[in-house]
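**Student:** Chains as they are written, first to last, in this note's numbering: chain A, 1 to 384; chain B, 1 to 177; chain C, 1 to 194.
Quick caveat, the hints were computed from the structure, so don't treat them as lab data. Keep in mind that the hints are not guaranteed to be accurate.
Unchecked claim - Covered, in the sense of this in silico footprint (three residues per stretch, anywhere, with C-beta under 8 Å from a C-beta of chain C), are these stretches of chain A: (1) 40-49; (2) 127-138; (3) 143-151.
Built from N, CA and C at the ideal position, the CB exists for glycine as well.
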Amino acid sequence: MDLFTFLSSSVMVLVVFTIVLTLVPISVYLERRVSAVIQDRLGPNRVGLPLTLFGAKKDFHLFGLFQPAADGIKLFLKEDHTPAHVNKFYFILAPALVMVPALLSAAVIPFGSTMDMPFFEGRQVQLAVANVDIGPLLIFAIASLTVYGIVIAGWASNSRYPFLGGVRSSAQMISYEICLGLSIIPVLLYFGDLNLGRIADQQSRDGWLLLPIAFGGDGPVVDWRTLLLLPTLLIAFIIFTVSLFAETNRAPFDLPECETELVSGYHTEYSSMKFALFFMGEYAAMVVGSALIVTLFFGGWALPFGLDNLIRDPATGAFPWWASLMHMGVFLTKVIGFIVFFIWVRWTVPRFRYDQLMKLGWVVFFELALANILLAAILIAIFG
Amino acid sequence: MAYIKIKRPRLGLFEKLYLPALIKGLRITLGHAISTLRGKKRETMQYPEEKWDDNMPEHYRGAPALVTDEQGRERCVACQLCEFICPPRAITILPEEIPTEDKWAKVEKRPRKFEIDMIRCIYCGLCEEVCPEQAIFLRKDYAITGLTREDMVHDKEKLYEIGGVRTGLVNKWNELK
Amino acid sequence: MDSILFYLFALVMIAFGFGVVMNRNPVTSAMCLVGCFLGVAALFIMLDAFFIGVVQIAVYAGAVIVLFVFILMLLDIAGEKRREFPIHAIAIGLIVAVIVGGQIAMVAGSLDDVGGKFPPIDKAAAVEARVERGNNPDSTINTILTDPKKPSYPDVHIIGEALFTRYPLHLQIVAVLLTVGAVGVVVLSKKRLE
Ligand code: SF4
Ligand code: SF4
């Protein structure tokens with residue numbers, strides 16, 4: 001490992017960390033604005049730069065974009081109360097156990113195309129912390145550790161509601177991890193690869209997985225082989241998305257913290273920044289989940305219709321540095337779009353009952369995913 | 001234990017799929033979002049600029065206050081019924097005798113101190129209902145703020161200031177109120 | 001760098017391993033086991049066995065121990081009491097420890113034959129061996145193995161190929177066994193059998 005690789009990876013770690021941690025408050029803001037708009041309200045639209053304090057004529061409110069900052073400051077200033085009846089060590093450990101896996105799993109997501117460095121001749125940098133060959137598996141493995149945070153929080157709080165929330169969430173997460181893993185196998189069969197970087201790259205050549213139209217590439221504009229597989233891929237997409245809702249404890253599957261039954265589930269006893277860590281961990285998991293969906297099904301950083309083929313260097317397949325930065329922007333736009341979709345669903349669908357949730361996972365999705373794998377495998381074996 | 005068995009509607013295959021209903025729901029929420037974004041619909045009142053004042057309903061119960069009659073006499077006779085009935089015990093009254101040389105000496109009693117702690121008041125209106133002299137009324141003031149707890153205790157002066165003058169035979173059950 | 005990381009993760013593993021045995025609180029023991037598994041997974045990943053490492057996390061740390069913790073919490077098992085061990089238990093434990101330690105020492109001693117270091121994986125030789133065993137020289141794995149652009153060892157491909165071409169029967173037997181187990185659990189947990 002030479003100095004350049006070391007430095008570029010360190011910078012990449014910082015960049016990814018910053019991106020995920022900035023997307024968290026942005027999605028909190030979006031959650032509040034979108035939910036308001038759906039319910040014919042306005043939502044937070046005031047907090048901005050208080051320019052009048054410095055003698056200006058008007059405050060600069062910027063549609064309330066600074067609201068998350070105000071929320072954050074408020075959470076910092078709240079009393080950090082640890083009840084007397086809790087198991088102190090695990091009570092403090094639990095919020096970290098929720099936040100850390102969510103941030104870790106962002107490491108394998110390719111945030112942009114491989115970048116030709118502008119000032120270092122012939123050097124290339126991958127816009128991902130770790131471009132490993134088992135991307136989605138690693139994300140699942142690390143995401144499966146999130147459940148410890150929730151279970152431990154529920155248990156260490158030493159009170160009824162959190163405990164029930166913790167039990168619910170662990171049962172739910174273990175069940176839906178299975179659907180999550182099984183549902184994307186057709187996709188992985190199609191790509192024949194587990195490297196998220198290469199998966200995104202392939203989609204930039206042949207068009208997005210769910211939009212397989214590509215101009216300007218070497219192949220045909222529409223590949224009939226992909227069209228044939230499209231129904232299975234669509235089923236895979238639906239199962240994956242719904243399971244992701246359950247896995248990240250988002251409505252309509254937010255039973256672990258269902259307010260009407262459990263006060264607020266596993267984080268009932270938490271306050272101040274410990275609560276904020278749970279809150280942020282949940283949103284970070286949502287951000288990473290959206291990024292994974294975008295990478296697998298919607299081309300990651302790729303432009304639609306194979307438009308990248310026009311800017312690509314035909315000999316090496318690399319992109320100029322400005323194109324890579326643009327790809328990063330494209331990727332983030334798609335991710336934010338998906339986050340808005342998450343929020344939109346939350347304010348549309350009422351919460352499921354717990355038995356409905358379990359039935360959906362084990363009786364419907366599990367079988368459907370298995371059948372889907374079989375179908376995809378047969379189709380690929382015959383026509384592949 | 002007796003229980004009622006609810007008949008659930010039998011769903012067809014299409015309805016069981018759930019997805020069509022989901023898409024329908026998403027369309028509805030999207031419609032609301034779009035009409036709000038285009039400014040057609042809006043339930044929010046932008047508070048400091050827009051206020052309740054014009055839309056305040058007739059029966060609104062705001063801050064309780066004392067009133068004087070047309071001769072400038074305070075109506076309250078310090079009977080302390082309101083103090084007694086007030087559920088959160090927000091009212092404190094210190095009565096005193098009206099000296100004989102006073103114009104209204106035959107009323108005999110008046111409050112020396114009359115305080116309503118607005119942190120405690122729950123705007124229930126029981127004081128208004130119980131008062132035999134029709135001296136205390138709930139007004140429409142709702143933005144009652146202060147920087148300290150002491151600020152939030154309305155003394156006699158403040159109460160008369162909010163209440164103002166009530167002329168005629170005020171009957172609290174009719175429109176004159 | 002590599003050996004520093006190796007010692008670090010080995011130390012983590014041993015420390016958590018001790019934690020599993022020494023702790024009296026069962027939940028803490030289970031959490032230590034998770035830490036131990038994470039150390040093992042890290043060692044696998046350092047050996048380029050990404051798949052095994054990640055499966056180690058997903059299956060053991062992510063699912064099995066979660067179920068353990070789940071049961072421990074539901075039953076609310078209290079901490080263990082300290083107790084006296086009989087002499088023969090200690091003796092047997094010592095004997096096992098000596099045997100295992102001796103074996104490790106022997107394996108470590110045989111490192112001298114290769115100059116104290118295992119050679120890196122010779123990919124060309126691996127392809128040759130595979131062709132000799134009767135594999136198609138143009139199969140995907142052979143091309144990936146010799147592909148210079150591939151920075152890491154294609155372990156997922158190799159495991160998949162081995163499972164589905166060399167050991168398909170074993171795989172299916174295991175699958176049947178698991179299915180029988182799952183069905184059995186469902187049957188047993190339905191208390192009222194007709
Ligand atoms: S409105 Fe109710 S709470 Fe307020 S002062 Fe009158 S009686 Fe007391
Ligand atoms: S009930 Fe009426 S008259 Fe009696 S003390 Fe209260 S305000 Fe005065």
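**Student:** It remains to establish, for every hint, whether it holds in the given structure.
**Tutor:** Here is how each hint holds up against the structure:
1. 40-49: violated (count 0)
2. 127-138: holds (count 5)
3. 143-151: holds (count 5)
Hint check: a violation occurs at hint 1 only; the rest are consistent with the structure.
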